[in-house]
Amino acid sequence: MGDNEATSFVGWRKSNIMTIGLPRALLYYYYGPFWITFFRHLDIPVTVSGATTKTTVDTGIKHSVAEMCLPVKVFCGHVAELIAAGADRIFIPRMMAVEKDKYFCPKFLGLPDMIRHVLPESADRILTADVKCDRETEITFAMRDQLARSLGVSSRRLAAAINAGRKVWNAFRARNRQGLTAAEALAETTGLNPSPPKPHSPPLPRTAEAALRVGLLGYVYNIYDAYIGMNIVNKLRTLGAFPVTFEMIDDAAIMEKLCSFDKTLPWTFSNKLLGAGYNLFADPGIDGLIHITAFGCGPDSMLGKLLELAAAEAAKPFITVRVDEHGGETHMLTRLEAFTDMLRRKNRRRVEGCRL
Amino acid sequence: MKLSFAHMGPISVYRRLIEALGHEVIMPQKPTQRTFDLGTKYSPEFLCFPFKCLTGTFIEALERGAEGIITVGTSQSCRAGFYAEIHRRIMKSLGYSAQFFALDFHRPREFIQTLAELKGNCSWWRFIDIIRLYYAIIAALDRLQAKVRLLRAYEQRAGDFVRVWQQILELFDTCRSRREIPELERSALELISRLPLRQAENAVRIAIVGEVYVVMEAHANLDLETKLASLGVEVVNSQYISHWLRRRLPWHKASVEIALARASQYLKIDLGGHDQENIAHIIEYREQGVDGIIHLLPFGCLPELVVQSILPRLSKDLDLPILSLSVDEQQSTANYHTRIEAFVDLVRTKKRSRARTFWPIQAHPDFTGILEPVNAARLGAIAVAAGTFPWC
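Just so you know, the sequences run in chain order A and B.
Residue numbering for the first sequence follows the working numbering, starting at 1 and increasing by one per position.
Residue numbering for the second sequence follows the working numbering, starting at 357 and increasing by one per position.
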């Protein structure tokens, strides 16, 4: 890392106090406001790793097993960077459940164990806490006494910090629902810079035609990661297509679409994406949907099939963009351009059809 | 109703069980290249290999007139729990009107409901009786198979054990009540004991752990066990249907937890697959004197990838060679076999060079009999130290 711009120090304390490193990867983009506020409230300085670069990915690849999915490789890279930067502890929560009878992908369930073994130098620096609760709005840590001990705070202060974190997180979600992407709402509620956009991506000319609205389905750590997502939100906006993501849709509406299912997907976020997808397929104001997925994602292999079937049923344009560790922005841009062009042509034909 | 199921484990017993409930059975065909091709064509690209095998198997069964598919599901984090839902949709999109009976052990109400649909007219008492009989048969076959897997390394005439196994299956096909099972098991052992065995100087014992489907099914793992046996390796397999079923019983919960607790220093919680169990197996096998481990996973398997990340550490801690192999529809036999041969060589060399801290296989009291012409009583005494767990 070494680059000060990429590092954000939060909170103030004497320099000999431990700092906590927060990898800017996986669910940081969603639960970041909660975690940052939590540590801030306990007066513990937090370092967030920089935006994902090619080097981060390469480091991650070096440490993970070959078949691992890209987001987890990226996560490994971030942890390695934080260790190199000298963070005393690295916060890797074990995301187990944030709603009843739903889980996270096995890789999230085993994340602290996995990191401990693939990066042996991190073994004594990992700060982990189980996240297991029945309702997302009441998110908390399990086994709080243990966490309080390892942080050296009283359990009362810990509870207060969790409360503060939850409050900010709920505010963050409220801003999402008002139409801000998770990255934008994260920057707003925590006062941290979102992953800085690359300075040299020339703005494309805005087309004069009416703006498109596209559903952008994908996990937060794919869409908002600088390397995996390649700033897809801005790319779409410059193409005159305004993305709607799952976090902008009300949770109740998402769940409503799923209640007709006999059995829903076992993973919280895949379910959210599926419900959001069904909502967007049913929404006449949405011109088309883009599913962005990373190489090796297990849950997406099932989610993608379900979305594909729903797209055929709704007769709505749908594209899957898969990103792997080889990167390359052009392939993404070409496909987005082609997709938005196609949507425009389709809309134009519809208008002309009406005139005839 | 004409029912079919996956090609996994003792399928001839499943057939008799389903027929006993008054259904007709369309036997699943042993997967061939066509099965894999069909499966790959109609399954999502990144779904795991067992899913693709099942897609192909189900399509072939439906082509031959099956009306319903019996399968299992879970509500845990592993993708296998959700297979049935996706299969149902794929079959529907292909125009088959198949009914899926997914037995979900984590949703008791739906589980009972599905069973009620399957049991048809027979009473619950009768149904439980039938299940107990066929469970006992499966358990007996699993015990026998564990022995065959060890002894096959000493096969003198190629194909002997395959033939004898077929005979044993036919033998058990006549079984009508639980009382007959001990007798049948004895005659099966008698059959095995009549086979001529060869002397083997440097036998090694290798255990296979990993994802259940690819570990159990020869067609999915390029016949790994035959390959190992031909190299003179005693094989211990970690997955048996009867063990799997027994572990699902609520009154076995405590003992399962105790067994899994050994794995928790490496992997704190169960991820919903066979992950913690595999780590517990590896630790246990090491204590039982297994010389090497082959870990099998389908490409991209979620829980097993976490295990794979932990394996290097486990191998170092236990001083035990572990080979992790990932299998998928690209059946690259040459690559696979070369790696296995190299691994077996490595295990042999290691065993020879290592001062034996565990019982050497040739000197084990249960084992000495094998080097002479085996008699039935002796064979019965081979308690198959490896391959049985206190919780199985």
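Simulated from the structure, these hints should not be mistaken for laboratory data.
Heads up, some of the hints might be wrong.
[Claimed, not checked] To give an idea of the interface, some chain A residues facing chain B are shown, with a C-beta separation under 7 Å as derived from the structure:
{"hint": "1", "residue": "H117"}
{"hint": "2", "residue": "S260"}
{"hint": "3", "residue": "K263"}
{"hint": "4", "residue": "K305"}
Think of the CB as a built atom: it goes at the ideal place given N, C-alpha and C, for glycine as much as any other residue.
Handout entry: Given hint S260(A) near chain B, where the shortest CB pair must fall under 7 Å
Key = With a closest approach of 13 Å, the S260(A) hint is violated.
Practice task
Go through the hint on K263(A) and say holds or violated, using the shortest Cβ distance to chain B against 7 Å.
Solution key: holds (6 Å)
Exercise for the section: Have a go at the H117(A) hint: is there a Cβ in chain B nearer than 7 Å to its own Cβ? Expected result: holds (5 Å)
Practice task
Let me know if the C-beta of K305(A) comes in closer than 7 Å to any C-beta of chain B, holds or violated.
Solution key: Because about 4 Å separates K305(A) from the closest Cβ in chain B, which is inside the 7 Å limit, the hint holds.
Violated hint: 2 only; the structure is consistent with all others.
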